[in-house]
Amino acid sequence: MAVIFDIERSGMHDGPGIRTVVFFKGCPLRCRWCHNPESWDKAPQELFYPEKCISCGGCADGCYTGARSLCGREMSIDEVMVPILADKPYYGAEGGVTLTGGEPQMQADFALALTEACRRAGIGVAIETSMALYRPDLLSQMSLIMADVKLWDDARHREYTGVGNAAIIENIRKADALGVPILIRTPIVPTVNDTVEEITAIGDFVRSLKNAVGYELLPYHPFGLDKARAMGLAMPRFPEPTKEQMALLNACARLQRR
Amino acid sequence: MIAVTGKELLTYAAEFTRRYRSAPNVYAREADCLRLQFAHALQPLREGDLVAGRNLRLPLGVRPQCHGGVGYYIHEPSWSAAVNDGTLTDEERGEADALFAFWQTENTAAKVAAAYPDGWLDIFAHNVPYTTPTAAHGLYRISGIQMDPTRLLTLGVEGLAALCEEKKENNPAFYNGLIQALDILSEVCLRYAAEAEMLGNLALAADLSHIAHHPASTFTQALQLSYIFFVLSGTWNYGRMDQYLGPYLAADLAADRLTEAEALRWVEDLWCRMEEWGEYFDSRVILGGADRPEGADTFALLAMEATRRRRGVVPQLTLRCYEGMDPRLYEAALDTIGKGTTFPMLYNDRVNIPAVMDAFGVDEDTAQNYVPYGCGEYVLYNQSIGTPSGTVNTLFVLNEAMYGKNAHLFLDAPDFETFYTAYLTEVEKIATCLSLQEKLEYDVVGQECPFLYYSLLFDDCIERGKAVLAGGLRHLGGTVENYGNVNTADALTAVKAVVYDQKLVTAQEVSDALASDFAGRERLRQLLLAQPKYGNDHPDADGMFCRLHRDVCTRIRACAPAAGLDSYLAVLINNELNAVFGQGTGASADGRHAGEYMANGNNPMSGRDTCGVTAMLNSLAKPDTHLHAGAVQNMRFSKAMFTAHRPYLKTLLRTYFEAGGAQAMITVLSRGDLEAAMREPEKYRHLIVRVGGFSARFVDLNPVVQKELLARTLY
Numbered sequence: 000m001a002v003i004f005d006i007e008r009s010g011m012h013d014g015p016g017i018r019t020v021v022f023f024k025g026c027p028l029r030c031r032w033c034h035n036p037e038s039w040d041k042a043p044q045e046l047f048y049p050e051k052c053i054s055c056g057g058c059a060d061g062c063y064t065g066a067r068s069l070c071g072r073e074m075s076i077d078e079v080m081v082p083i084l085a086d087k088p089y090y091g092a093e094g095g096v097t098l099t100g101g102e103p104q105m106q107a108d109f110a111l112a113l114t115e116a117c118r119r120a121g122i123g124v125a126i127e128t129s130m131a132l133y134r135p136d137l138l139s140q141m142s143l144i145m146a147d148v149k150l151w152d153d154a155r156h157r158e159y160t161g162v163g164n165a166a167i168i169e170n171i172r173k174a175d176a177l178g179v180p181i182l183i184r185t186p187i188v189p190t191v192n193d194t195v196e197e198i199t200a201i202g203d204f205v206r207s208l209k210n211a212v213g214y215e216l217l218p219y220h221p222f223g224l225d226k227a228r229a230m231g232l233a234m235p236r237f238p239e240p241t242k243e244q245m246a247l248l249n250a251c252a253r254l255q256r257r
Numbered sequence: 000m001i002a003v004t005g006k007e008l009l010t011y012a013a014e015f016t017r018r019y020r021s022a023p024n025v026y027a028r029e030a031d032c033l034r035l036q037f038a039h040a041l042q043p044l045r046e047g048d049l050v051a052g053r054n055l056r057l058p059l060g061v062r063p064q065c066h067g068g069v070g071y072y073i074h075e076p077s078w079s080a081a082v083n084d085g086t087l088t089d090e091e092r093g094e095a096d097a098l099f100a101f102w103q104t105e106n107t108a109a110k111v112a113a114a115y116p117d118g119w120l121d122i123f124a125h126n127v128p129y130t131t132p133t134a135a136h137g138l139y140r141i142s143g144i145q146m147d148p149t150r151l152l153t154l155g156v157e158g159l160a161a162l163c164e165e166k167k168e169n170n171p172a173f174y175n176g177l178i179q180a181l182d183i184l185s186e187v188c189l190r191y192a193a194e195a196e197m198l199g200n201l202a203l204a205a206d207l208s209h210i211a212h213h214p215a216s217t218f219t220q221a222l223q224l225s226y227i228f229f230v231l232s233g234t235w236n237y238g239r240m241d242q243y244l245g246p247y248l249a250a251d252l253a254a255d256r257l258t259e260a261e262a263l264r265w266v267e268d269l270w271c272r273m274e275e276w277g278e279y280f281d282s283r284v285i286l287g288g289a290d291r292p293e294g295a296d297t298f299a300l301l302a303m304e305a306t307r308r309r310r311g312v313v314p315q316l317t318l319r320c321y322e323g324m325d326p327r328l329y330e331a332a333l334d335t336i337g338k339g340t341t342f343p344m345l346y347n348d349r350v351n352i353p354a355v356m357d358a359f360g361v362d363e364d365t366a367q368n369y370v371p372y373g374c375g376e377y378v379l380y381n382q383s384i385g386t387p388s389g390t391v392n393t394l395f396v397l398n399e400a401m402y403g404k405n406a407h408l409f410l411d412a413p414d415f416e417t418f419y420t421a422y423l424t425e426v427e428k429i430a431t432c433l434s435l436q437e438k439l440e441y442d443v444v445g446q447e448c449p450f451l452y453y454s455l456l457f458d459d460c461i462e463r464g465k466a467v468l469a470g471g472l473r474h475l476g477g478t479v480e481n482y483g484n485v486n487t488a489d490a491l492t493a494v495k496a497v498v499y500d501q502k503l504v505t506a507q508e509v510s511d512a513l514a515s516d517f518a519g520r521e522r523l524r525q526l527l528l529a530q531p532k533y534g535n536d537h538p539d540a541d542g543m544f545c546r547l548h549r550d551v552c553t554r555i556r557a558c559a560p561a562a563g564l565d566s567y568l569a570v571l572i573n574n575e576l577n578a579v580f581g582q583g584t585g586a587s588a589d590g591r592h593a594g595e596y597m598a599n600g601n602n603p604m605s606g607r608d609t610c611g612v613t614a615m616l617n618s619l620a621k622p623d624t625h626l627h628a629g630a631v632q633n634m635r636f637s638k639a640m641f642t643a644h645r646p647y648l649k650t651l652l653r654t655y656f657e658a659g660g661a662q663a664m665i666t667v668l669s670r671g672d673l674e675a676a677m678r679e680p681e682k683y684r685h686l687i688v689r690v691g692g693f694s695a696r697f698v699d700l701n702p703v704v705q706k707e708l709l710a711r712t713l714y
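From first to last, the protein sequence lines are chains A and B. Each residue of the first sequence is one higher than the one before, starting from 0 at the first, in numbering that gives the first Met the number 0. Each residue of the second sequence is one higher than the one before, starting from 0 at the first, in numbering that gives the first Met the number 0.
Derived by calculation from the structure, the hints in this document are not laboratory data. Note that the Cβ used here is the ideal one computed from N, Cα and C, for glycine as well. The reader is advised that the hints may include incorrect statements.
[What the hints assert, rightly or not] With beta-carbon atoms standing in for the labels, derived distance ranges: (1) A42(A) x D516(B): 38 to 48 Å; (2) K173(A) x L709(B): 44 to 54 Å; (3) S54(A) x D516(B): 13 to 23 Å; (4) P128(B) x A233(A): 50 to 60 Å; (5) R310(B) x A250(A): 43 to 53 Å; (6) C52(A) x L709(B): 46 to 56 Å; (7) A250(A) x R264(B): 54 to 64 Å; (8) L709(B) x E50(A): 17 to 27 Å; (9) Y115(B) x S54(A): 48 to 58 Å; (10) R29(A) x L709(B): 32 to 42 Å; (11) H592(B) x A165(A): 38 to 48 Å.
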């Protein structure tokens, strides 16, 4: 069993093709811009959205409006496979399942068993991971590893995400030896890492990997703030990058692509 | 909108009525009346026209379908507007009033209604506004005519007349009527030829003079002859156009008589005539299908190009996709849809042909010739009529059984199955009555109106010597429009779960809450809303919808033999009446408030499909297609799906079709387009959306309909 907090069908932004995206609960990082802060704690937790509350007073008998909703529940492989198998005809040659979170490697045994179930069904599996953990038995089974390098400087990485990046960089290097294609991504968070120098430094690292298939920049968006509020958590709001800024940095990232 | 003065109308109406009263038989009567009608209704050619056939709707006339009437009709609003325009003397007003009074009882729809047995009008309403709270409406029209003009094009007016002459002795009055109808066609062509000559358009004049007598020999002649014929006939649907025009186009292109660019101008002008005529619920042009001659693909590509350039809301371009179709057609279709035209609509022959075989009870060769008309109802090309002459609001019926006049069915039911069966019996009573009403309409109209132009082309009429509705037609079908089925299924899913399975609330509590539109019972409404909904690939919700769909369609289909019809089928096709009927429909157990719109066709209730496009498509592909005559499957995609994500879109559509999806009607939008169009309508005239079985400029729609569209999910 694993604690899963969402299964998104027909994802088109989490790997190639049309994908079913499985969200694992629990993450070792605490990125200040996180768009899924409800994924941090591995245990299921209640979120409260006051704007949906109709003050019916029936909380004890269950909430029907979604004002109080339980985030995360224990699921079996068979349960997770239901939507995956329903989506399978849409995957085509490219698509498949993406493990994400949270950090799927925190529940690696389940992730591995799920990957095996998918393999038996003829479905490829990719992973989105912080690479703060390293489970080569799982990673080596992936069709694609999508790993973030959020900041190049170890101290600043620790300041903004709660952990340093030395282990992450080391894990990515080790994963590079597994022969699995790796896509490196950086969330562009203005005031934190939106500089040519930052992207150039990460880009140089990407260029040093032999299995890197690309380097993608993802613009920060504030979608996590509502969920943070529902958790009773204060999170900062960063500015969103402009199109021009993204174009400049993308040009820089493209120069670094192998 | 009606460009006739009171004086003109009085002169016309007096003569029309005189002809009506004095003709020796119904065939001569129709021909005499039509000749006069076209003299007034057909509009002159204009400078620059390539295609002739502009037409007006007159306040009085004879048409298979016009102004909500059938056969001989009178349209009170436009009649009153004309006779009150101040041009009539008191004496003339008196004459006009006398004529009006005559037609009040003599119009064909009134004759149909007069023949209703006692009790029918307790079951369905007629001639009332669509917002009236009622379970069913009876309609008056012979709609959805899809004729193949090939016989006319290849034999020509004189050739077809000679065929009628040959057979004349079997039924002289009938064949004389047909010959007169052909004479009128010839006269109209010659009249337009003279106008073209006056305008200096000698090529058009020559074409029109030629087709007034002879078979079409070129693409432009074939296009012109078929269109004028359709205008005179009264159909608003234009058949398998690539099939009947393709060979002429191929021959002209091969002989260098015409370039593709020239042909495109003609097609665009034809599209203009259709848009001017403005039948947005009809105007179907069918492309594709496996059995087409040389040149058909070339025409189909031109047709899509014309639609891409014109961006009009008609014709309702339809592409029948089949295995082995030239991939250029599919790519052109996606290009055209991607431009936000909503056309062509994609139909899946692999699913539809076997479905039509079963639903209509016909062989594969016949089913190969299925064509959608109007909002998407299927008929057999040139062989069947299947006009929807009734509507049933299944959600209204459910509400009546939960808190209306039949509330005992819910309140006294010991279990879900008992309630469900009792509900179906109520639907069946209505369907049975509407099927009899449909046959009665055919019979009364058949006695009054031979519909000469239909009888000229529909298979078997000339051979049998019988008019289309008097035994001439090969397959006499009927259909009934279903509204509210998805909401009904969602309501049943919710009731089964919370009342019967989980016993969270009692039937009485639900009934009371619905009766008061959930006043003070918002928590109960939220409980009902929280139950699974159709459109999310959920086994309970989709299972209930498929079950209801099967049970309702089967009961409707079973009405045919007793009614004396060759088929009687449900159509799960809504124009915009799902929103309008919703206004007269009380709160429902799916959590819907009183007066709110209902789901459109077989689509999920707007905005309740929340699990992604693959889940929604899987749901759409589930209901059995073999039991009905068409279902609207609307979906809307963002522009990115047609550009950056086009391979994904192709995978989605291909998989949906492989899973059993029958068709796809696709609107392409950017996020925020509709909201912006409501704020600044003048800037969004270009925005075309698929509503139900028709497309419209969003800014022209009724606000109730706009609201429903706003709630739909954009993928």
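Hints and how they fare:
no.: 1; hint: A42(A) x D516(B): 38 to 48 Å; in the structure: holds, 41 Å
no.: 2; hint: K173(A) x L709(B): 44 to 54 Å; in the structure: holds, 51 Å
no.: 3; hint: S54(A) x D516(B): 13 to 23 Å; in the structure: holds, 19 Å
no.: 4; hint: P128(B) x A233(A): 50 to 60 Å; in the structure: holds, 55 Å
no.: 5; hint: R310(B) x A250(A): 43 to 53 Å; in the structure: violated, 36 Å
no.: 6; hint: C52(A) x L709(B): 46 to 56 Å; in the structure: violated, 25 Å
no.: 7; hint: A250(A) x R264(B): 54 to 64 Å; in the structure: violated, 45 Å
no.: 8; hint: L709(B) x E50(A): 17 to 27 Å; in the structure: holds, 20 Å
no.: 9; hint: Y115(B) x S54(A): 48 to 58 Å; in the structure: holds, 53 Å
no.: 10; hint: R29(A) x L709(B): 32 to 42 Å; in the structure: holds, 39 Å
no.: 11; hint: H592(B) x A165(A): 38 to 48 Å; in the structure: violated, 58 Å
Going down the numbered hints, you'll see the structure goes against 5, 6, 7 and 11, while the others check out.
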